[in-house]
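Residue numbers (the numbering used here), protein chains in the order written: chain A, 189 to 301; chain B, 42 to 151.
Careful: at least some of the hints might be erroneous.
Stated by the list, open to error - Straight-line Cα separation of at most 27 Å, DSS-like style, residue types lysine-lysine; simulated pairs:
{"hint": "1", "chain 1": "B", "residue 1": "K111", "chain 2": "B", "residue 2": "K44"}
{"hint": "2", "chain 1": "A", "residue 1": "K244", "chain 2": "B", "residue 2": "K44"}
{"hint": "3", "chain 1": "B", "residue 1": "K44", "chain 2": "A", "residue 2": "K247"}
If you're looking for bench data, these hints aren't it; they were derived computationally from the structure.
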Amino acid sequence: TQLLEQSPQFLSIQEGENLTVYCNSSSVFSSLQWYRQEPGEGPVLLVTVVTGGEVKKLKRLTFQFGDARKDSSLHITAAQPGDTGLYLCAGARRGSTLGRLYFGRGTQLTVWP
Amino acid sequence: DVKVTQSSRYLVKRTGEKVFLECVQDMDHENMFWYRQDPGLGLRLIYFSYDVKMKEKGDIPEGYSVSREKKERFSLILESASTNQTSMYLCASSLGQIGFFGQGTRLTVV
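Same shape as in the complex, but just chain A (with noise of 0.2 Å):
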């Protein structure tokens, strides 16, 4: 079983629309993390959140922590063909000291012209 559900597994747009990737655990989080990794690549780290409630946004992205800190949220405005990728959310347990990360399995972003 996964411990971070993320959804859609799949989404393709086209350029200029908005969309959402979610992000949910029955489990609580002391931070969550979203990365993207591009095909051949290591995933890069976008954002770390770690309170819940917060939001913070980069750019045309905005990432919020659920109150409870069981979910997220990647919210693109605009989308363009450059935010192609795949789109990972990564969670650490409260007590980890050893940093592991429990990952979803990803969103796979497609951008069309």
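Chain A is fixed; fit chain B onto it per the hints.
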């Protein structure tokens, strides 16, 4: 910038061979991790290490072993490679709860 370097981008090995995947990080991080990534399955943790000579099994350790003789280097060993170990292998090191990844090694076992 944190740098995590994996020794090979692509590897092709024969069934039964012993395979070494090397990973080096340059930021003095305590924790290092090996994952494999397969389509539809996401990243699955194979092994991790929180100190030199210390290791912990992840979710899928069978068929793998690891070595951490120096803080900056974490090696993944496939004792006898099999075709079901064909995958993308990702090494990471962590500062607290934030992971930094290498570029990945695409291993094909034929």
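A quick look at each hint next to the structure:
Straight-line distance between C-alpha atoms of B/K111 and B/K44 comes to about 16 Å, which keeps the hinted pair within the 27 Å bound. Under the criterion of a C-alpha separation no larger than 27 Å, the hint pairing A/K244 with B/K44 is consistent with the structure, at around 25 Å. For the suggested pair B/K44 and A/K247, the alpha carbons sit about 25 Å apart, so the restraint of at most 27 Å is met.
This entry satisfies every hint, going by the numbered hints stated previously.
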